[in-house]
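**Q** Sequence:
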Amino acid sequence: MKISLNTQMQRFVDEKVKSGQYATPDEVVNSALAVLRAQETESAEDSAELRRLIAVGIAQLDRGEGSEWDPDDLKRRVRDAASGAREKRAG
367 MKISLNTQMQ RFVDEKVKSG QYATPDEVVN SALAVLRAQE TESAEDSAEL
417 RRLIAVGIAQ LDRGEGSEWD PDDLKRRVRD AASGAREKRA G
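Positions 367 to 457 (this note's numbering) are the ones given, in order, by the sequence shown.
Note that these hints are calculated values from the structure, not bench results. Be aware that a few hints might be false.
What the hints assert, rightly or not - Here are the computed lysine to aspartate or glutamate pairs in the EDC-like style, where the Cα-Cα straight-line distance is at most 20 Å: (1) K454 x E408; (2) K454 x E393; (3) K454 x D428; (4) K368 x D392; (5) K382 x D392; (6) K368 x E393; (7) K441 x E406; (8) K454 x E406; (9) K441 x D392.
To be verified - Quick list of the computed label-pair ranges, beta carbon to beta carbon: (10) P437 x K368: 35 to 43 Å; (11) L399 x E431: 36 to 44 Å; (12) W435 x T407: 27 to 35 Å; (13) D446 x N372: 18 to 26 Å; (14) A425 x D446: 24 to 32 Å; (15) P437 x A398: 21 to 29 Å; (16) D412 x K384: 29 to 37 Å; (17) D392 x G450: 16 to 24 Å; (18) M367 x T407: 17 to 25 Å; (19) M375 x L427: 17 to 25 Å; (20) D412 x D392: 41 to 49 Å.
All figures in this text were calculated on a predicted structure; none of them were measured in a lab. In this text, a Cβ means the ideal position worked out from N, Cα and C, and glycines have one as well.
Turn these sequences into a full structure, and let the hints steer you where they fit.
**A** Below, the structure is given as structure tokens:
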């Protein structure tokens, strides 16, 4: 398949590869399409569950049950969860 990108998108893809985040332009496009597919398959139930979990977290913070967080640890956990979700959809 051959695709054409506008100048702005081509520059964006080039920057992602140049930064080392992705090895090839194909990886950038595949990753972007995976995000698009995930967004399109999110259901109303998924959104409601997310809102419920956010409300639980806010209530915990209001009760003083919060704790310090490490942004690097959070990034790792989000990446791990996203990777697991991609594998689950692919499997």
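**Q** If a hint holds in the structure, say so; if it does not, say that too.
**A** These are the hints, each one checked on the structure:
no., hint, result
1, K454 x E408, "14 Å, holds"
2, K454 x E393, "19 Å, holds"
3, K454 x D428, "34 Å, violated"
4, K368 x D392, "11 Å, holds"
5, K382 x D392, "11 Å, holds"
6, K368 x E393, "14 Å, holds"
7, K441 x E406, "23 Å, violated"
8, K454 x E406, "16 Å, holds"
9, K441 x D392, "23 Å, violated"
10, P437 x K368: 35 to 43 Å, "39 Å, holds"
11, L399 x E431: 36 to 44 Å, "39 Å, holds"
12, W435 x T407: 27 to 35 Å, "29 Å, holds"
13, D446 x N372: 18 to 26 Å, "33 Å, violated"
14, A425 x D446: 24 to 32 Å, "26 Å, holds"
15, P437 x A398: 21 to 29 Å, "24 Å, holds"
16, D412 x K384: 29 to 37 Å, "34 Å, holds"
17, D392 x G450: 16 to 24 Å, "22 Å, holds"
18, M367 x T407: 17 to 25 Å, "22 Å, holds"
19, M375 x L427: 17 to 25 Å, "39 Å, violated"
20, D412 x D392: 41 to 49 Å, "28 Å, violated"
Checked against the numbered hints above, the structure breaks hints 3, 7, 9, 13, 19 and 20 and satisfies the rest.
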